[in-house]
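Chain by chain, the residues run as shown.
2 protein chains.
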Amino acid sequence: MAVVRRTARDIRSDSRLDVLHVVLSSSEITRNEIAQVTGLSAATVATVVGELLAVGILVETKVSLGLVGRPTATLAMNPAGGSVVGIDVAETYVRAFLFDTALNQVGFVEIERDEHLLAPDLMVDMIGEALDRLLEQEQVDRDQVRGVGVSLPGLVHSSAGPSVLVPHWAWRTVDLEHLRERVALPLVIDNPLKAIATAELWLGRGRFCSNLVTVNLGTGVGAAILLEARIARGATNSAGEWGHSLLVLDGRPCRCGRAGCVEAYVGVPGIQQTLREIDPEHALLDIDLQRDFIGAMAAAAEADEPDPAVSETIARTSYFLGAALADLVAIINPEAVTLTGWTAWALGEHLLPAVRQHVREQAPGLSGSDLELAMSTVRGNSVATGVATLALERYLADEGLITTRTPLAL
Amino acid sequence: MAVVRRTARDIRSDSRLDVLHVVLSSSEITRNEIAQVTGLSAATVATVVGELLAVGILVETKVSLGLVGRPTATLAMNPAGGSVVGIDVAETYVRAFLFDTALNQVGFVEIERDEHLLAPDLMVDMIGEALDRLLEQEQVDRDQVRGVGVSLPGLVHSSAGPSVLVPHWAWRTVDLEHLRERVALPLVIDNPLKAIATAELWLGRGRFCSNLVTVNLGTGVGAAILLEARIARGATNSAGEWGHSLLVLDGRPCRCGRAGCVEAYVGVPGIQQTLREIDPEHALLDIDLQRDFIGAMAAAAEADEPDPAVSETIARTSYFLGAALADLVAIINPEAVTLTGWTAWALGEHLLPAVRQHVREQAPGLSGSDLELAMSTVRGNSVATGVATLALERYLADEGLITTRTPLAL
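If you're matching them up, the sequences are chains R and E in order.
Counting from 1, position 106 in the first sequence corresponds to residue 106 in my numbering; the numbering is continuous, with no gaps.
Counting from 1, position 211 in the second sequence corresponds to residue 621 in my numbering; the numbering is continuous, with no gaps.
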């Protein structure tokens with residue numbers, strides 16, 4: 001039985017989370033506006049805001065004097081409550097971002113990775129080194145850090161506990177206790193899709209629509225799913241592995257071992273394969289790094305005289321992506337689908353017009369025709385932002401300032 | 411903002427729904443056992459049970475005297491609270507089932523349909539006629555009927571209100587007000603996938619696992635999705651249209667207009683097509699009605715000397731179904747997948763062993779290896795049972811006896 005016990009104290013605490021979401025999403029807002037947006041009573045908003053001001057999570061930013069009546073204070077998240085860190089561990093880099101407690105990004109370091117060095121201990125060292133360098137560079141004391149969030153690709157959670165399963169990274173054995181010791185600060189870990197879903201829920205379209213899918217396009221591809229304003233995690237925290245659903249039964253080999261996966265068509269190596277099928281001798285295929293390849297594709301697409309092979313690759317990729325998104329839309333029926341990830345930021349505007357048309361033609365009935373399909377509104381690194389948000393949420397929960405019905409990260 | 415206002419009264423009322431679910435799922439249960447399963451306090455259970463006894467929703471079925479202490483009463487749903495009706499409108503029939511208020515099935519009528527007569531008014535008449543005949547046959551007065559649930563394929567809900575979109579049924583214009591007038595009893599309508607999800611949640615594996623997918627196999631195919639013990643409806647009530655997600659890009663034409671949909675491979679016409687590809691002259695292809703075809707397939711599969719073309723058709727169908735389920739598992743990551751629908755009841759045991767193996771091999775990591783894959787435990791017509799359950803739920807909500815956080819049917 002999935003029964004959730006609810007007490008009056010939980011409700012008060014939920015109201016705090018609702019108020020925080022609203023304040024965070026609207027840089028400055030009055031108590032009256034909070035009551036309107038949340039549906040909470042003016043009295044509840046006054047109480048909750050008072051509590052959050054008292055503990056320093058919120059601040060009053062300015063007081064405006066109207067012609068009549070009492071002065072009205074504007075509220076915002078308090079950036080002076082300390083720091084949180086979000087670390088994005090990806091195929092080709094480890095990036096660490098520093099945020100204040102209003103989730104403004106205030107610092108950044110990157111450690112480049114050799115894509116071929118995959119030992120778990122090495123990864124733990126790189127994460128630790130990125131954190132140390134970030135705090136040193138930004139001159140932040142460790143006791144000012146409220147929490148550290150780390151996004152690990154392939155992180156799943158079974159009844160036996162969390163583990164990281166990235167077959168082609170040889171990461172099956174990653175020692176999370178070792179990571180916890182190395183970081184030596186309050187730590188949450190999650191996988192990139194759940195981090196992206198968190199960023200969308202707190203800072204993106206998830207504030208305005210309850211059912212949202214954000215697809216992450218890069219070397220690999222996946223879907224961050226919000227349903228009824230909750231992050232869909234699934235039984236083992238691996239919901240959203242849309243990249244390893246089929247586009248073509250028995251189609252192109254995928255690095256996961258299956259054949260015909262979406263990722264084998266719209267992940268970067270899939271886009272390279274499409275270009276190879278169109279022109280096996282094309283000069284862009286000689287580019288060593290994926291990021292440079294995608295950058296060159298975007299440059300060619302924007303050139304005065306478009307390269308026909310590049311145009312055809314973009315057309316086919318739009319067709320593949322549109323068909324694969326139509327499948328997601330058929331199954332999930334979200335209000336909106338948004339795109340994020342470094343491929344999307346480089347090529348998204350070239351893909352979107354045709355992708356929209358393919359989804360509208362292929363997704364069933366209203367699920368396609370009523371759908372909003374656009375770039376994500378969360379800019380910057382939404383994996384790092386999301387996992388830092390999870391770290392802040394965990395801190396607020398640990399301090400007893402909020403409860404949440406959404407299971408928090410590990 | 412998706413903010414849910416919660417009051418102390420809602421919590422009391424939620425507790426009632428939790429208690430009802432537990433009582434319904436366990437034919438007989440004591441107050442202590444309810445407290446254990448729900449996590450509610452003994453005092454809350456005592457209060458809620460008292461209220462539900464007072465209004466006649468629950469009854470005490472027997473009192474057992476232990477060697478020590480007070481006598482212990484066993485509780486059950488009260489079947490004497492009236493009747494509810496569930497009506498399943500499908501391609502080839504309209505079936506109406508009578509249930510008591512403990513959701514025991516007590517009567518049944520069927521009206522056969524000519525698959526080619528599709529006018530909406532005719533459908534409304536058939537639904538009304540099925541209801542009238544059922545009540546007459548079972549000698550139930552209309553004022554004893556607490557609610558009528560009708561499952562309509564293709565029912566969606568947009569901001570403009572509910573409508574039925576079944577392109578090949580020419581049903582775009584169905585007049586729901588006309589249906590409401592003809593039934594002339596408290597009416598809920600929903601689509602078959604949401605009805606099946608409700609049946610699974612109240613009476614099936616959904617009682618024990620929070621994340622469940624039940625696939626419905628018949629002429630068409632679809633997925634009923636429970637996430638965190640809530641029915642996934644999506645933005646326009648069309649979540650679960652897995653039958654119209656791709657198995658093969660640009661593959662077999664589907665009746666929805668798309669090419670390569672799952673339904674075109676594992677729906678009954680898809681299974682017929684597979685047999686046709688194996689042996690275009692096969693005798694089973696001369697059978698006129700789909701139901702007779704599937705019955706003959708099952709008989710051939712169970713024969714002492716199996717028909718090689720039938721065996722090969724079952725093997726290929728298992729491969730198609732396994733691959734398509736692996737996609738659902740990749741995206742949803744449920745704890746369990748169960749099969750229902752008339753094709754599943756006829757052929758499921760022949761398909762399951764190979765389907766299990768294909769899903770385990772193709773779904774990512776733990777999402778496949780930890781998955782339970784089995785026939786549904788909801789027997790009988792789970793569409794009718796589910797939509798009758800929605801009618802009962804609506805009645806209890808209208809009477810102020812429960813609230814639910816799951817949006818009810820229309």
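The hints are simulated quantities; they were obtained by calculation from the structure and are not laboratory data.
One should not assume that every hint holds.
As the list claims (entries may be wrong) - Covered stretches of chain R, going by a simulated chain E footprint (3 or more residues, C-beta under 8 angstroms):
1. 138-144
2. 247-257
3. 325-332
The model shown is predicted, which means the values in this text are computed figures rather than measured ones.
Ideal Cβ positions, reconstructed from N, Cα and C, are used throughout, including at glycine.
Which hints from the list above does the structure break, by number from lowest to highest? 1
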